[in-house]
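As they're listed, the protein sequences go chains A and B. Quick note on numbering: the first sequence equals residues 0 to 170 in numbering that gives the first Met the number 0. Quick note on numbering: the second sequence equals residues 0 to 98 in numbering that gives the first Met the number 0.
Derived from the structure by calculation, the hints contain no laboratory data. Incorrect hints may have been included.
Here chain B is said to cover these stretches of chain A; the calculated rule only asks that three of the stretch's residues, wherever they fall, bring their Cβ under 8 angstroms from a Cβ of chain B [to be verified]:
| id | segment |
| --- | --- |
| 1 | 2–14 |
| 2 | 18–27 |
| 3 | 45–59 |
| 4 | 90–99 |
| 5 | 142–154 |
All values derive from a computational prediction rather than experimental measurement. By construction, the Cβ of each residue, glycine as well, lies at the ideal position given by its N, Cα and C atoms.
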Amino acid sequence: MEAILFFLAALGALGGAVGVVAMRNPFYGVLALIVHLFSLAVLFLLLSSAFVAAAQVVVYAGAVMVLYVFVVAYVGGDAEPAFDPIPGQRFLAPLMGAALFIELSIAVLGSSLAALGTEGPDVGAGFGNPAAIGKLLLEDFLLAFEASSILLLLAAVGAVVLASRREEDAS
Amino acid sequence: MNIEWYIVLSSLLFAVGAMGILVRRSPIVILLCLELMLNAGNLALVAFSRMVGNQEGQVFAIVVMVVAACEVVIGLGLIVAIFRRKLPLDVDELRELRG
Numbered sequence: 000m001e002a003i004l005f006f007l008a009a010l011g012a013l014g015g016a017v018g019v020v021a022m023r024n025p026f027y028g029v030l031a032l033i034v035h036l037f038s039l040a041v042l043f044l045l046l047s048s049a050f051v052a053a054a055q056v057v058v059y060a061g062a063v064m065v066l067y068v069f070v071v072a073y074v075g076g077d078a079e080p081a082f083d084p085i086p087g088q089r090f091l092a093p094l095m096g097a098a099l100f101i102e103l104s105i106a107v108l109g110s111s112l113a114a115l116g117t118e119g120p121d122v123g124a125g126f127g128n129p130a131a132i133g134k135l136l137l138e139d140f141l142l143a144f145e146a147s148s149i150l151l152l153l154a155a156v157g158a159v160v161l162a163s164r165r166e167e168d169a170s
Numbered sequence: 000m001n002i003e004w005y006i007v008l009s010s011l012l013f014a015v016g017a018m019g020i021l022v023r024r025s026p027i028v029i030l031l032c033l034e035l036m037l038n039a040g041n042l043a044l045v046a047f048s049r050m051v052g053n054q055e056g057q058v059f060a061i062v063v064m065v066v067a068a069c070e071v072v073i074g075l076g077l078i079v080a081i082f083r084r085k086l087p088l089d090v091d092e093l094r095e096l097r098g
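Let's have the full structure, built from the sequences with the hints guiding it.
Next up, the structure:
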């Protein structure tokens with residue numbers, strides 16, 4: 000059962016990723032990314048991390064993707080021209096991607112991490128639930144938590160400054 | 000499922016994202032491919048956290064999500080600013096900073 004669910008979610012994640020790269024219209028690319036993110040949330044649940052899965056659906060598939068849809072609708076999802084400015088780019092890039100994948104796989108599977116071939120230790124029902132993660136965030140990782148909140152504030156201010164209508168281009 | 004499967008899937012997703020950044024020229028799609036790579040990293044973090052049986056990796060994944068959200072907000076703000084100035088939305092055309 001778990002294996003079937005894993006392969007279904009892996010297929011969804013991979014299909015979504017390939018869709019993002021292959022779709023000519025950015026609007027369809029955004030929709031493919033939503034499929035990808037939901038499949039990843041299923042994978043996170045399989046890894047017994049409920050809070051990360053919930054955050055993935057709420058923050059990513061919800062908020063961030065709505066932002067993308069708005070911007071794509073605003074700038075108009077023009078399909079990019081098929082004209083290729085760098086010769087051989089469309090042939091060399093998949094080659095480089097395959098080389099990167101093989102390299103990463105060799106690096107990970109060739110490492111002497113004995114636990115890689117296992118399903119991990121038995122963890123209780125409370126592993127990765129909101130209570131446990133919240134306790135970690137507010138006790139052990141308080142500095143990182145506060146720093147990321149300041150980062151979010153800076154990003155919000157920066158986006159307002161960047162996207163605001165200035166006097167000179169109001170004409 | 001063994002943890003290996005998750006790690007191999009995550010490196011596959013990362014490679015697809017990296018390939019997308021090399022192939023595509025629309026800045027919106029390049030941002031989407033960046034999301035793919037960040038999510039592949041997240042999957043590896045959560046998988047390793049399950050492998051060790053320690054929840055701290057999941058906190059890392061959440062911080063990565065926050066950073067990704069910030070990056071999206073700034074990137075989309077830049078795209079809107081480029082569009083307002085009627086510049087082409089194509090990373091090969093926007094190369095004034097190239098040496």
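Hints and how they fare:
{"no.": "1", "hint": "2–14", "result": "holds (count 5)"}
{"no.": "2", "hint": "18–27", "result": "holds (count 3)"}
{"no.": "3", "hint": "45–59", "result": "holds (count 10)"}
{"no.": "4", "hint": "90–99", "result": "holds (count 7)"}
{"no.": "5", "hint": "142–154", "result": "holds (count 6)"}
Violated hints for the displayed structure: none, as all numbered hints are satisfied.
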